[in-house]
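All chains should be modelled from the sequences, with the hints used to inform the complete structure.
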Amino acid sequence: MPKLFMLILKNLRRNPVRVSLTGLAVLVLVTIYVLIQSVLSFLDQQMQEKTTNIRLIITERFRIPSRFQKADFDRIVLPGGETYARLTQLPGYRPEAWTLWHFIAFSMDPDLTRRDPNRFFFAIATLPEKMPTMIDGLEGIDPALCDKLKNPGVSGMENAGLLLGPKRLARLGVRIGDRLQVFSLSHRDRAGQPIKMDFIVVGVLPENTRWDEAAFMDYEYLERTLTDAGSDLAGLINLGWLTVLDQPTAQAACAIIESQNRNIKCETAATAVNRFFEPLKDILFGVRYILVPTILVVMAVVVSNAIGITVRERTSEIAVLKVLGFTPLQILCLILGEGVLLGLVGGVLGVALPHLLVNYVFKGIRLPLGFFPVFFVPPRAYYWGPWIGTATALAGSIWPALTGCRVRVAEIFSRVT
Amino acid sequence: MIPIRYNLRNLVVRWRVTLLTALGFLLVVAILVVMLAFVEGINELARRAGRPDNVLVLREGTNDELFSDIADTADLARVWLSEYVATDETGEPLYSPEVYAIATQQLPPDPRDGRPRYRFLQVRGVLDPQRAARVHGLGLLRGRWFSAVGDECVLGEGIANLLGLDVGSRFAIREGLLWKVVGILDSRGTPFDSETWAKREVVGQEFGKDNVERGQRFFTSILIRLRDPRWASWFCDSLKSRTGLEVSGIPEPKYYERMSEANTMFLAAALFIAAIMAVGGMFGLMNTMFAAVNQRTKDIAVLRILGYQRWQILLSFLFEALLLALLGGLAGMALGSLFHGVEQKSFITSGQGGGKTVVFQITVTPFVLRTALAFTIFMGLLGGLIPSWVATRLRPLAALR
Numbered sequence: 000m001p002k003l004f005m006l007i008l009k010n011l012r013r014n015p016v017r018v019s020l021t022g023l024a025v026l027v028l029v030t031i032y033v034l035i036q037s038v039l040s041f042l043d044q045q046m047q048e049k050t051t052n053i054r055l056i057i058t059e060r061f062r063i064p065s066r067f068q069k070a071d072f073d074r075i076v077l078p079g080g081e082t083y084a085r086l087t088q089l090p091g092y093r094p095e096a097w098t099l100w101h102f103i104a105f106s107m108d109p110d111l112t113r114r115d116p117n118r119f120f121f122a123i124a125t126l127p128e129k130m131p132t133m134i135d136g137l138e139g140i141d142p143a144l145c146d147k148l149k150n151p152g153v154s155g156m157e158n159a160g161l162l163l164g165p166k167r168l169a170r171l172g173v174r175i176g177d178r179l180q181v182f183s184l185s186h187r188d189r190a191g192q193p194i195k196m197d198f199i200v201v202g203v204l205p206e207n208t209r210w211d212e213a214a215f216m217d218y219e220y221l222e223r224t225l226t227d228a229g230s231d232l233a234g235l236i237n238l239g240w241l242t243v244l245d246q247p248t249a250q251a252a253c254a255i256i257e258s259q260n261r262n263i264k265c266e267t268a269a270t271a272v273n274r275f276f277e278p279l280k281d282i283l284f285g286v287r288y289i290l291v292p293t294i295l296v297v298m299a300v301v302v303s304n305a306i307g308i309t310v311r312e313r314t315s316e317i318a319v320l321k322v323l324g325f326t327p328l329q330i331l332c333l334i335l336g337e338g339v340l341l342g343l344v345g346g347v348l349g350v351a352l353p354h355l356l357v358n359y360v361f362k363g364i365r366l367p368l369g370f371f372p373v374f375f376v377p378p379r380a381y382y383w384g385p386w387i388g389t390a391t392a393l394a395g396s397i398w399p400a401l402t403g404c405r406v407r408v409a410e411i412f413s414r415v416t
Numbered sequence: 000m001i002p003i004r005y006n007l008r009n010l011v012v013r014w015r016v017t018l019l020t021a022l023g024f025l026l027v028v029a030i031l032v033v034m035l036a037f038v039e040g041i042n043e044l045a046r047r048a049g050r051p052d053n054v055l056v057l058r059e060g061t062n063d064e065l066f067s068d069i070a071d072t073a074d075l076a077r078v079w080l081s082e083y084v085a086t087d088e089t090g091e092p093l094y095s096p097e098v099y100a101i102a103t104q105q106l107p108p109d110p111r112d113g114r115p116r117y118r119f120l121q122v123r124g125v126l127d128p129q130r131a132a133r134v135h136g137l138g139l140l141r142g143r144w145f146s147a148v149g150d151e152c153v154l155g156e157g158i159a160n161l162l163g164l165d166v167g168s169r170f171a172i173r174e175g176l177l178w179k180v181v182g183i184l185d186s187r188g189t190p191f192d193s194e195t196w197a198k199r200e201v202v203g204q205e206f207g208k209d210n211v212e213r214g215q216r217f218f219t220s221i222l223i224r225l226r227d228p229r230w231a232s233w234f235c236d237s238l239k240s241r242t243g244l245e246v247s248g249i250p251e252p253k254y255y256e257r258m259s260e261a262n263t264m265f266l267a268a269a270l271f272i273a274a275i276m277a278v279g280g281m282f283g284l285m286n287t288m289f290a291a292v293n294q295r296t297k298d299i300a301v302l303r304i305l306g307y308q309r310w311q312i313l314l315s316f317l318f319e320a321l322l323l324a325l326l327g328g329l330a331g332m333a334l335g336s337l338f339h340g341v342e343q344k345s346f347i348t349s350g351q352g353g354g355k356t357v358v359f360q361i362t363v364t365p366f367v368l369r370t371a372l373a374f375t376i377f378m379g380l381l382g383g384l385i386p387s388w389v390a391t392r393l394r395p396l397a398a399l400r
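In the order they appear, the protein sequences are chains H and L. At position 143 of the first sequence the residue is numbered 142 (numbering that gives the first Met the number 0), and the sequence of numbers has no breaks. At position 257 of the second sequence the residue is numbered 256 (numbering that gives the first Met the number 0), and the sequence of numbers has no breaks.
Please keep in mind that the hints were generated in silico from the structure rather than gathered at the bench. Treat the hints with care, as some may be off.
Taking lysine to any residue pairs in the SDA-like style, the calculated list, with each CA pair at most 25 Å apart, reads [to be verified]:
1. K2(H) x V319(H)
2. K69(H) x G80(H)
3. K297(L) x R13(H)
4. K129(H) x M156(H)
5. K166(H) x I199(H)
6. K195(H) x E206(H)
7. K280(H) x D112(L)
8. K297(L) x V18(H)
9. K129(H) x E48(H)
10. K2(H) x Q329(H)
11. K297(L) x K147(H)
12. K166(H) x G136(H)
13. K69(H) x R116(L)
14. K239(L) x E48(H)
15. K280(H) x R118(L)
16. K69(H) x K239(L)
17. K297(L) x T314(H)
Predicted model, so just to flag it, every value in this text is computed and none were measured.
Here it is, written out as structure tokens:
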């Protein structure tokens with residue numbers, strides 16, 4: 000076996016141009032496969048129901064954008080209400096695992112007709128103390144950083160902290176410690192005028208997360224400002240979040256919540272994401288079942304062509320090997336081995352390259368799809384790449400390898416003059 | 000010049016390699032055509048959407064109907080009471096105040112777990128359906144417009160097909176609200192194909208931002224027909240100063256153009272994927288051409304001895320590479336073109352989180368075919384260049400030995 004492997008290596012070294020070209024072809028095709036698969040697998044993960052630690056999303060039942068009374072949500076998550084009492088009886092219910100979101104769009108430009116993307120941002124008003132545990136992708140964020148939303152350390156600016164994603168920070172051209180005056184695009188005061196708010200930039204969200212264009216603020220500050228301004232949106236929230244232990248609890252909790260209040264709906268986050276992606280199902284189907292298989296076929300064809308040329312050039316050699324006692328199976332393995340090795344090496348490099356470039360140089364694949372603005376190459380791609388490179392190269396090498404092992408010695412030598 | 004027949008014969012003799020290399024190109028070009036045609040389909044929809052003499056009025060600061068809210072006050076008439084606004088036969092200005100919303104429709108429970116299921120429906124509430132349709136430039140495919148009484152609606156053709164509804168059908172848009180379908184919009188190829196139109200009051204109260212307790216009514220947009228499309232930009236720019244209201248206007252075609260700007264992202268992604276795949280295909284072509292050069296060193300030597308110049312050898316091999324690429328590329332263009340007209344569902348968005356579901360057709364335009372052809376030629380030449388150059392560097396005597 001080691002001898003056969005050495006022979007495979009020697010054969011590959013004999014035509015460095017062809018080996019390099021085929022390897023490069025596999026590399027670039029595996030690269031594009033990995034990029035596409037990274038996006039698809041992330042979306043699949045979001046749309047697939049989990050079995051433990053299930054996120055439930057509570058929204059207004061009948062319309063988008065969802066807006067409902069915070070008081071209704073309080074009845075679910077705060078002690079004292081009937082809904083809360085029933086929920087806490089569920090074995091997998093976690094009374095402390097909840098948070099709320101209220102979206103608000105701001106412009107740094109008082110002239111709201113100018114829509115400069117570098118002066119504009121969406122903020123999520125939430126409960127700072129719940130951020131480390133209740134926001135997917137921000138697990139492990141420093142609680143002290145979140146606490147700065149409440150206590151920015153500037154007198155007279157209580158609760159006015161603002162956390163920005165690294166990309167948003169750069170776009171707005173601000174730095175930590177800067178004070179911003181912003182004007183609401185989505186919320187108006189009682190006179191119909193934009194609401195003015197002041198913020199202190201207290202920190203940056205972690206890099207390489209889907210929150211790198213986001214902004215978080217303290218819900219308490221927003222609610223106080225909206226109430227003072229007499230806004231119609233005071234006392235309302237857009238979303239409520241719960242986390243429960245398992246699926247049976249999730250189903251039971253949703254049933255309880257919906258039976259207590261017919262104006263809100265409760266569902267798993269996966270169900271909600273699925274519905275939002277419904278209009279993109281055609282595109283995702285095309286990518287998954289037309290584009291990806293085509294990439295694999297092109298890869299197999301390129302390898303097949305290269306190995307086929309090699310076999311045709313070496314028919315005399317193969318005949319000599321047969322005379323020397325090599326069995327057809329060994330010759331088959333020899334040829335397949337060349338293809339597989341090329342596929343394996345191309346596959347490994349085809350993952351390493353996009354992983355390093357996407358995650359560390361370009362900071363993600365920027366393809367805003369729904370709530371997911373950026374995608375990363377996951378570490379598990381190191382399984383897909385080599386596997387797909389090897390399998391496709393193997394598939395592409397089978398036909399040339401069979402041709403090679405069927406070489407007839409007498410026929411070949413009859414041609415030698 | 001070296002006869003073309005020489006290259007053609009070589010491609011025929013090495014038919015297996017020729018076919019495999021061409022197959023690689025075929026697949027890459029076919030995918031490129033489909034992806035570009037997909038983007039063209041959405042662009043075509045956006046191009047056709049909106050009349051140049053229509054202006055869409057939104058609340059200042061918003062660029063998506065979904066997030067706009069214009070309070071219905073007496074002052075609002077200043078928006079359409081203008082000498083620049085077109086009028087109908089009776090002298091009434093042509094405008095349509097509307098409420099656009101996305102409703103969450105509850106579906107029958109999932110039989111697996113008994114939990115309710117939901118889907119989004121785009122709803123547009125209009126004051127006068129006939130007037131609204133006239134301003135939008137839409138007609139009815141069948142049925143009639145909804146009347147002032149009863150819970151009636153008309154559906155876009157696309158959504159009607161999707162939901163399996165037709166004139167006379169009834170469906171519950173929400174709990175306790177049963178709508179009767181009285182007409183189907185002739186909306187194919189427009190952004191209204193996935194919409195349900197109903198009375199403004201119902202949509203405003205059930206799905207919009209109306210506050211019945213406070214007596215507040217809101218429109219999300221007002222569509223206005225101008226007498227002359229050349230006035231559209233001026234009308235929009237001067238709207239706020241003329242009316243004194245916190246509103247902004249945008250020419251309707253520009254609104255949909257902006258909505259489809261997200262498509263540039265799909266276009267960039269399509270070109271990136273196709274380019275990377277083409278690089279893979281090009282390496283395959285280079286392999287083939289290097290093998291062809293290796294196999295024909297003696298031929299090249301003889302040609303050189305016969306007096307053919309290096310550049311003629313270069314051209315001959317480049318031509319062969321190009322032929323190979325064109326063989327696959329043209330077949331790929333033909334294969335990709337088979338997808339022309341296939342209906343697709345997608346999403347156009349202003350980027351604020353709103354947007355519209357649209358039904359459109361994959362459209363293979365001359366631009367798509369020209370791009371695919373240019374792509375094929377470029378990749379063919381690029382893939383053939385180095386092997387052809389190597390062929391010119393062969394020393395005739397050494398090669399013959």
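Quick rundown of the hints versus the structure:
1. K2(H) x V319(H): holds (17 Å)
2. K69(H) x G80(H): Holds: K69(H) and G80(H) sit about 13 Å apart, inside 25 Å.
3. K297(L) x R13(H): Between K297(L) and R13(H) the Cα gap is close to 21 Å, so the pair holds against 25 Å.
4. K129(H) x M156(H): Distance of about 21 Å is within 25 Å: holds.
5. K166(H) x I199(H): holds (17 Å)
6. K195(H) x E206(H): violated (29 Å)
7. K280(H) x D112(L): Holds, because 23 Å separates the two Cα atoms, which is no more than 25 Å.
8. K297(L) x V18(H): Since the Cα atoms of K297(L) and V18(H) sit roughly 24 Å apart, the hinted pair holds (cutoff 25 Å).
9. K129(H) x E48(H): holds (23 Å)
10. K2(H) x Q329(H): holds (11 Å)
11. K297(L) x K147(H): Distance of about 78 Å is beyond 25 Å: violated.
12. K166(H) x G136(H): holds (16 Å)
13. K69(H) x R116(L): holds (24 Å)
14. K239(L) x E48(H): violated (49 Å)
15. K280(H) x R118(L): holds (14 Å)
16. K69(H) x K239(L): violated (35 Å)
17. K297(L) x T314(H): Holds. K297(L) to T314(H) sits at ~20 Å (cutoff 25 Å).
Hints 6, 11, 14 and 16 from the earlier list are contradicted by this structure; the remaining hints agree with it.
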